[in-house]
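S.K.: Chains as they are written, first to last, in the UniProt record's numbering: chain A, 1 to 293; chain B, 1 to 319; chain C, 1 to 379.
Since the hints were derived computationally from the structure, they do not count as laboratory data.
Each hint should be verified, as a subset may be incorrect.
What the hints assert, rightly or not - Calculated pairs, DSSO-like style, for lysine-lysine (alpha carbon to alpha carbon, straight line, at most 27 angstroms):
hint: 1; chain 1: C; residue 1: K116; chain 2: B; residue 2: K23
hint: 2; chain 1: C; residue 1: K28; chain 2: B; residue 2: K23
hint: 3; chain 1: B; residue 1: K156; chain 2: C; residue 2: K116
hint: 4; chain 1: A; residue 1: K118; chain 2: C; residue 2: K51
hint: 5; chain 1: B; residue 1: K156; chain 2: C; residue 2: K201
hint: 6; chain 1: C; residue 1: K201; chain 2: A; residue 2: K118
hint: 7; chain 1: C; residue 1: K135; chain 2: B; residue 2: K156
hint: 8; chain 1: A; residue 1: K118; chain 2: C; residue 2: K302
hint: 9; chain 1: C; residue 1: K94; chain 2: B; residue 2: K156
hint: 10; chain 1: C; residue 1: K373; chain 2: A; residue 2: K118
hint: 11; chain 1: B; residue 1: K308; chain 2: A; residue 2: K91
hint: 12; chain 1: C; residue 1: K91; chain 2: B; residue 2: K23
hint: 13; chain 1: B; residue 1: K106; chain 2: A; residue 2: K91
hint: 14; chain 1: B; residue 1: K23; chain 2: C; residue 2: K94
hint: 15; chain 1: C; residue 1: K160; chain 2: C; residue 2: K182
hint: 16; chain 1: C; residue 1: K299; chain 2: A; residue 2: K118
hint: 17; chain 1: C; residue 1: K255; chain 2: A; residue 2: K118
hint: 18; chain 1: A; residue 1: K118; chain 2: C; residue 2: K254
hint: 19; chain 1: A; residue 1: K118; chain 2: C; residue 2: K295
hint: 20; chain 1: B; residue 1: K156; chain 2: C; residue 2: K299
What the hints assert, rightly or not - Ranges of calculated distance between the beta carbons of each label pair, as one might list FRET restraints:
hint: 21; chain 1: C; residue 1: K136; chain 2: B; residue 2: K104; range: 54 to 60 angstroms
hint: 22; chain 1: C; residue 1: G189; chain 2: A; residue 2: C69; range: 52 to 58 angstroms
hint: 23; chain 1: B; residue 1: V155; chain 2: A; residue 2: N176; range: 48 to 54 angstroms
From the three backbone atoms N, C-alpha and C, an ideal C-beta is built for every residue, glycine too.
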Amino acid sequence: MQLDQILQFALSGLSTGAIYALIGIGFSIIYNSTGIINFAQGEFVMLGGMLTLFFIGLLQLPLWAAIPCAVLVCTLAGMLFERLAIRPLRKPTPINLVIITIGGSIFIRGLSMLLWGKDTHSLPSFSGDEPITIANATILPQHLWILGITLVIIGANKFFFYHTISGKAMRACSYNSRAAGLVGIDVRRMVLFSFVISSAMGAMAGIIVAPLTMTSYDVGIMLGLKGFCAAIIGGMSSGIATVIGGLILGILESLGAGLISSGYKDAIAFIILLLILFIRPQGLFGKAESERV
Amino acid sequence: MKKELFKFLIFTVLILVAPLAFKGGYLMNVLVFVGINTMLAIALNLLLGYCGQISLGHAGFFGLGAYLSGILTATHGLNPWLVMPLAAGLVGLLAYLIGFPILKLKGHYLAMATLGMGIIIYIVFNESVDYTGGPSGLSGIPALSIGSTSFDSDVKSYYLVWAFTLGVCLFSLNLANSRVGRALRAIHDSEIAARVVGVNARELKVRIFALSAVISALAGCLYAHTMTFISPASFGFNFSVELLTMVVIGGLGSIYGSFLGAALLTLLPEFLRAAHDYDIIIYGGLLMVMVMFMPGGLVRSVPDAVRKLVRLKGGAGNA
Amino acid sequence: MSFKRFFLTFTAFTMLTSVSAFAAAPIKIGALFAVTGPAAFLGEPERNTAKMVIEEINRAGGVKGRKLELVVYDTAGDATKAVQLATKLIKNDKVSAIIGPSTTGESMAVIPVVEKERIPLISCSAGSKITDPVKKWVFKTAQNDALAVGRIYEQLQKQKLTVVALLTVSDGFGASGREQLKAQAGKYGITIVSDDTYGPKDTDMTAQLTKIRGSRAQAIICWGTNPGPAVIAKNAHQLGIKTPLYMSHGVSSKKFIQLAGDAAEGIRLPSGKVLVADLLPNSDSQKKSLLEFVKDYQKHYKAEGDHFGGHAWDAVMLLKNAIERGGDSPASIREKLEKTTQFHGVGGTFTYSANDHAGLGKDAFVLVEVRNKDWVIVK
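Please model the entire structure based on the sequences and the hints provided.
M.R.: Put into structure tokens, the structure is as follows:
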């Protein structure tokens, strides 16, 4: 009996963790190429879900057609955000960037509230709601979609960053943007690029979770925070480390809620996050860096 | 130094006569909160503006002060004046202890850690229902009183809160111009360089962190006794972000800037109320515009703009 | 000659208008609703309803020839703002009575202000402690949680189910429900075997439900507002939980069925009668008010009037009645309000008295079940 429960906790944790991972990678991609923690990342997740609903509801598109439209619009929003808010910044200190992305997230949230109201909406599942049983624990087909799409996106990311010119250029920017500029890489374009990729990913995350978690104009805050946690545990890597970070966070939350206390489950997750930061501030898997003066 | 003192005196006089302009109307009540928020903004500014260490968890310290004060007076019937230093002291001690591991972190890791700390404190307020009353809040907190005068009206609370706020202002101004202040700025510019010239950076950062928590807790006590009701929702992540915004918009490393930021952000909703549902968009947009076009904060950008304007006019006159 | 006539007409006209202007000095009513923020699902229908009812009263000539003027402020669900705005309503707008706030926390925060300033407040939030103990100037229209809990426990007792598991949201609404669920369990011979909570923004509650599945609970009672309970319904469906699932009146609107989809089938909850207005027998004393409200709301906002809007409807109507019976100052409005008897509103039949400022009995709730994506009354 107890074992069944733990298996269920683990499965539930994995599926929420995959969501956190996907959002976390969005954070990392922008951070790595620009040094910005984009607090508006959660809002792109919200936009993904809400835009899909919008296309289904207003334009009567089927789900499969609404999804790419939503991702496209969301990507455009990401580009606009970079062009209008980030690029014109005269003094891009980290603090100013934090505030401006927070301002941006409030702005996007307010706009969506005006456009679509304050109601919560639910998106239809991609392929039915019949639970799948795995040794007395159950998951939904949608969970498989989440896991699958997360894997595909990570694979695509890996390919992009290691096997294409643009990807390599973006990595170069993340190591040293001045040097990258000197060898002829258009750093500004790469920054724009990173916003494109991460807003598209955020939108995708928002779309695949909406059938399970519902969506409304304010879902972005909490999902964004959790994604940020995942990225920190993974040491802000845009690869597998953040995925593992997300999964760890998801499983800890679910085990915490099931075995210790449901009220304190977020506190448990954050305490562990703090411990990780205290003991291994470079993330669970990173190597310690020596500080340059 | 004389000039500083003169500035402070003008500020004090302005604060003292401000109620005359509002004649006890509802804005008085808002000005009480401007006072409390100014204290909080100064607390965060000491840490962020002078010491260069970010915190996204200051609402937690604020809340701890409010709850300690609220619980000890409302539930256990202790004297509020006695509880105030006790609450501030306890929160300071806690911050001092957390400070050592947390301030080892830098940049966004520090932001994340303090954010986590704030959220943990918030969850504790929510979940320890037996002590805090949980999400439905804690009511019946007595108003402060001296002898038989109770600080139960807006005008009285105004002077009480601002007495504390001005005290904190004066203290912080002095601190900023002292040896400690110079050491802090050294840490802000380069921690390693500061260490090389013999500043015990680590200890100093932790002390400022604790001091900042003490001021926040004090503001929390005042908040609890003027509102006479507290609930966890006032001490969440959003409020930490709001505080950060006050400090940045006002101007990092400027005490008067903190006042400007706190005043602007507290009064802004009053002016935006006419805009109904649009206020959230305007708020977000304004934040972005401020950072984009006034990166030095109000306290530096406004005088700059005025100077430019004067020069333009002067230029035009000459030509 | 003609000048004299003109002069006479003119004087008569000015006198007339000034008399009517005097008679029409409007009575100002303040309203504090959480129109934005996490409690917007309460505040928005409340604001809409209050505006609608006041407009209609004025179109019908006002109350005793005096128009009502509504001043609404948005508190965003924030207690500090609620206090500031209550002060603003009293000191700047000089209102005679206040409707709202929407949430229990805000109401508790505002109470000291209205008590000190002596302005009657009709709260639209559910927490029992708002009017218990009775505060002189504070009334409420939303049904007490205690009544909703009693309604569920009665049903469980009837079906001889004695072991329950609780799953409540960790906000003011959930906390108040949880308190009542625990307090009343003994009276109905019910044992609580597991007591879990979830956060208002949580997106997966399978962990809590798995734990409950492993317990010997015969019924699960979940206390929360959308979207949490819809997620819980889906999660329970996923885990194949067959234990009867009870929800609170916090989700008694069509929205819940939309969100939870098929997973909502068979779920029961106590609800104000507004949800099933057309199913009520004609003998029901509230039916007239209910149908009127539902029809009106549909006409104005092209949406279904829910029982949150109903709280505001009741509050405005109670005030109107009090003014009709001679209340024209805050003190006399309060006095007349307290003497309200047998007012058949949307939330129930109100009878206030000096030691009851909540005014409702158990009949305010009916137990409903979701069947074929619609509500039916459980007999």
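S.K.: It remains to establish, for every hint, whether it holds in the given structure.
M.R.: Hint-by-hint comparison with the structure:
no.: 1; hint: K116/C - K23/B; in the structure: holds (19 angstroms)
no.: 2; hint: K28/C - K23/B; in the structure: holds (22 angstroms)
no.: 3; hint: K156/B - K116/C; in the structure: holds (15 angstroms)
no.: 4; hint: K118/A - K51/C; in the structure: holds (19 angstroms)
no.: 5; hint: K156/B - K201/C; in the structure: violated (40 angstroms)
no.: 6; hint: K201/C - K118/A; in the structure: holds (14 angstroms)
no.: 7; hint: K135/C - K156/B; in the structure: holds (25 angstroms)
no.: 8; hint: K118/A - K302/C; in the structure: holds (16 angstroms)
no.: 9; hint: K94/C - K156/B; in the structure: holds (21 angstroms)
no.: 10; hint: K373/C - K118/A; in the structure: holds (23 angstroms)
no.: 11; hint: K308/B - K91/A; in the structure: holds (19 angstroms)
no.: 12; hint: K91/C - K23/B; in the structure: holds (11 angstroms)
no.: 13; hint: K106/B - K91/A; in the structure: holds (20 angstroms)
no.: 14; hint: K23/B - K94/C; in the structure: holds (15 angstroms)
no.: 15; hint: K160/C - K182/C; in the structure: holds (18 angstroms)
no.: 16; hint: K299/C - K118/A; in the structure: holds (21 angstroms)
no.: 17; hint: K255/C - K118/A; in the structure: holds (12 angstroms)
no.: 18; hint: K118/A - K254/C; in the structure: holds (15 angstroms)
no.: 19; hint: K118/A - K295/C; in the structure: holds (23 angstroms)
no.: 20; hint: K156/B - K299/C; in the structure: violated (49 angstroms)
no.: 21; hint: K136/C - K104/B: 54 to 60 angstroms; in the structure: holds (56 angstroms)
no.: 22; hint: G189/C - C69/A: 52 to 58 angstroms; in the structure: holds (57 angstroms)
no.: 23; hint: V155/B - N176/A: 48 to 54 angstroms; in the structure: violated (59 angstroms)
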